[in-house]
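Q: Just so we're aligned: the sequence shown equals residues 1 to 430 in this note's numbering.
Read the hints as simulated data drawn from the structure, not as lab findings.
Note that the coordinates shown come from a computational prediction; the quantities given were computed from them, not determined experimentally.
Here a beta-carbon is modelled for each residue, glycine too, at the ideal position from N, C-alpha and C.
One or more hints might be untrue.
What the hints assert, rightly or not - Here are the simulated DSSO-like pairs of lysine-lysine, each with C-alpha atoms no more than 30 Å apart in a straight line: (1) Lys-123 to Lys-59; (2) Lys-225 to Lys-235; (3) Lys-241 to Lys-324; (4) Lys-177 to Lys-225; (5) Lys-72 to Lys-123; (6) Lys-236 to Lys-225; (7) Lys-71 to Lys-59; (8) Lys-59 to Lys-324; (9) Lys-235 to Lys-324; (10) Lys-241 to Lys-177; (11) Lys-177 to Lys-236; (12) Lys-235 to Lys-279; (13) Lys-241 to Lys-225; (14) Lys-225 to Lys-279; (15) Lys-59 to Lys-72; (16) Lys-279 to Lys-241; (17) Lys-71 to Lys-127.
Said to hold, decoys possible - Okay, the calculated beta carbon distance ranges per label pair: (18) Ala-98 to Arg-355: 47 to 53 Å; (19) Val-49 to Leu-116: 39 to 45 Å; (20) Thr-137 to Leu-237: 43 to 49 Å; (21) Ala-98 to Leu-237: 28 to 34 Å.
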Amino acid sequence: MTGYREEYDERRNIAITTTIASEFGELEMVGYTAAVRDAPRLDIFGVGVGGSILSEVVKAGNALYFGGMDKKFYCVSDRGEELWTFPTNHVNCSPAVAEDRVYFGSFDTNLYCLDLQGQLLWKFATKGMICSRPCITPAGVVFGSKDGNVYCVSPEGELVWRFQTPGAITQDPVLYKGRIYIGSADPVLYVLTLEGRLAGKITAQGAFSTPVIADDRIYVGNFDKNFYAFSLEGKKLWSYKSPVTIGTRRPLYHDGVIYAGARDGCVYAFRADGRLARKFVMQDVAMWMTPATDGELLYVGSADRNFYAFDLATGALAWTFPTKGPIHSSPTLDQGTLYFGGWDANLYAVSTDGRVQWTFRLSMSSPAPIEPEEELRPAAQGKMVWQQSGSLPEGGERYRRETLGEGGSESVYTFRSEYTTKSQYTMKKR
1 MTGYREEYDE RRNIAITTTI ASEFGELEMV GYTAAVRDAP RLDIFGVGVG
51 GSILSEVVKA GNALYFGGMD KKFYCVSDRG EELWTFPTNH VNCSPAVAED
101 RVYFGSFDTN LYCLDLQGQL LWKFATKGMI CSRPCITPAG VVFGSKDGNV
151 YCVSPEGELV WRFQTPGAIT QDPVLYKGRI YIGSADPVLY VLTLEGRLAG
201 KITAQGAFST PVIADDRIYV GNFDKNFYAF SLEGKKLWSY KSPVTIGTRR
251 PLYHDGVIYA GARDGCVYAF RADGRLARKF VMQDVAMWMT PATDGELLYV
301 GSADRNFYAF DLATGALAWT FPTKGPIHSS PTLDQGTLYF GGWDANLYAV
351 STDGRVQWTF RLSMSSPAPI EPEEELRPAA QGKMVWQQSG SLPEGGERYR
401 RETLGEGGSE SVYTFRSEYT TKSQYTMKKR
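Make a model of the complete structure from these sequences and hints.
A: Next comes the structure, spelled out in structure tokens:
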């Protein structure tokens, strides 16, 4: 049975439709699509229980790792056979695989670490839902949480440090030249050292997405409907103003061109100097995923239920692959096969010429309903806290060092010096 209910959101002046469906029909999609286009930010936490897939697939060896909104984390062979599942809560962030370990965050507020056979090694609790992809760094595993903190956790599951912001963190951390870049809903793009210190920050009128960084330039979308390029020192190099939000997830950088999906159903291709090279046109929202390319074709999914392949050089449509629901999962390209999840509760394996190789059905066949939340900004002050890991003698106490996060000036773009004076820190001896 298919149905829906509609509520009016006075704050946004839009109707919100919650779907209860085995497949998405035309009426069910109208209200939700309008809400996505008009919302001031991404309501990633308002997704209910169902078989939908938002997670990007990570391929390691012959196995595919991804999360579902059916409260399970999956490992599937590259032939479409289930190898194992791990019970948790909603998993809409992409996992990270490193040194025979799988890391992923969950709506149950935990970061999980499993071995490649699906056995739990440890879990680390935060105070908020997690939909930030873990980033493996020399300091540890770095990720963000709805509680407004950026966490760094050791390979053994111990807290190394945390950096507190005033806004929920839904974006992925990016490691580049010893610095961690991550956006928050406050709205600031933070630059942190591997020790958890604030190295700089960039502010705008809206929340930043996950950046892509190449050739010492930061390319990033923002909910203020600008797509930006910054230097590593935080100087704005250029911006592109659009009627809609561009790049709410990590853009793709390929051969000097930046590709970012947008709410108007297009993927925008920018040259490094800010000129718009071309647009790849679809029928509906294409903003929640990172496109993929093999150098000849650009591959991307859309909320119009289709997966697209475009000629990279001309923007001409090469082929489409229809599904039974919106596509918000970034495609993973490996050896001529594209892997991506759908809102219709299927994981797809499609060849680069558009032929289906196999599909894998999740444990729940009904799509996840969507009920956007009201607020993403926890009542926290900008503060950094880090803690030494390791065992302690009985009665001992790990030392904690705290300092208020450095604020910016009134200007739109600010960048702060890297280090804080030693007098601002206190240490408690063990």
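Q: With reference to the structure, classify each hint as holding or not holding.
A: Tested hints:
Restraint check for Lys-123 and Lys-59: satisfied, since their Cα atoms lie roughly 22 Å apart, inside the 30 Å limit. Of the pairs offered as hints, the one joining Lys-225 and Lys-235 holds, with about 19 Å between alpha carbons and a cut-off of 30 Å not exceeded. For a cut-off of 30 Å, the pair hint linking Lys-241 to Lys-324 is broken: about 33 Å separates their Cα positions. Distance restraint check for Lys-177 and Lys-225: the Cα-Cα separation of roughly 28 Å lies within the 30 Å cut-off, and the hinted pair is therefore satisfied.
Taking the CA atoms of Lys-72 and Lys-123, the gap is near 15 Å; set against the 30 Å cutoff, the hint holds. For the proposed pair Lys-236 and Lys-225, the alpha carbon gap of about 15 Å is at most 30 Å, so the pair holds. Taking the CA atoms of Lys-71 and Lys-59, the gap is about 20 Å. The hint holds against a cut of 30 Å. Taken as a hint, the Lys-59 and Lys-324 pair is honoured in the structure, with Cα atoms around 24 Å apart against an allowance of 30 Å.
A hinted pair counts as satisfied when its Cα atoms are at most 30 Å apart, and Lys-235 with Lys-324 does not qualify at roughly 44 Å. For the suggested pair Lys-241 and Lys-177, the alpha carbons sit about 29 Å apart, so the restraint of at most 30 Å is met. Of the supplied pair hints, the one linking Lys-177 and Lys-236 holds, its CA atoms being roughly 19 Å apart against a limit of 30 Å. For the suggested pair Lys-235 and Lys-279, the alpha carbons sit about 27 Å apart, so the restraint of at most 30 Å is met.
Proximity of Lys-241 to Lys-225 is assessed by CA-CA distance (about 6 Å); at most 30 Å being required, the pair is judged to hold. Among the hinted pairs, Lys-225 with Lys-279 is consistent with the structure: their alpha-carbon atoms are about 16 Å apart, no more than 30 Å. Note on Lys-59 and Lys-72: the hinted pairing holds, with a Cα-Cα distance of about 17 Å set against a maximum of 30 Å. Using a Cα cut-off of 30 Å, the hinted pair Lys-279 and Lys-241 holds, with the two alpha carbons roughly 15 Å apart.
For the suggested pair Lys-71 and Lys-127, the alpha carbons sit about 18 Å apart, so the restraint of at most 30 Å is met. Separated by about 32 Å at the C-beta atoms, Ala-98 and Arg-355 break the suggested range of 47 to 53 Å. Checked against the hint of 39 to 45 Å, the C-beta distance between Val-49 and Leu-116 comes to roughly 27 Å, which is inconsistent with it. For the pair Thr-137 and Leu-237, the supplied restraint of 43 to 49 Å is violated, since their beta-carbon distance comes to about 26 Å.
Distance hint check for Ala-98 and Leu-237: the Cβ-Cβ separation is about 32 Å, which falls inside the suggested range of 28 to 34 Å.
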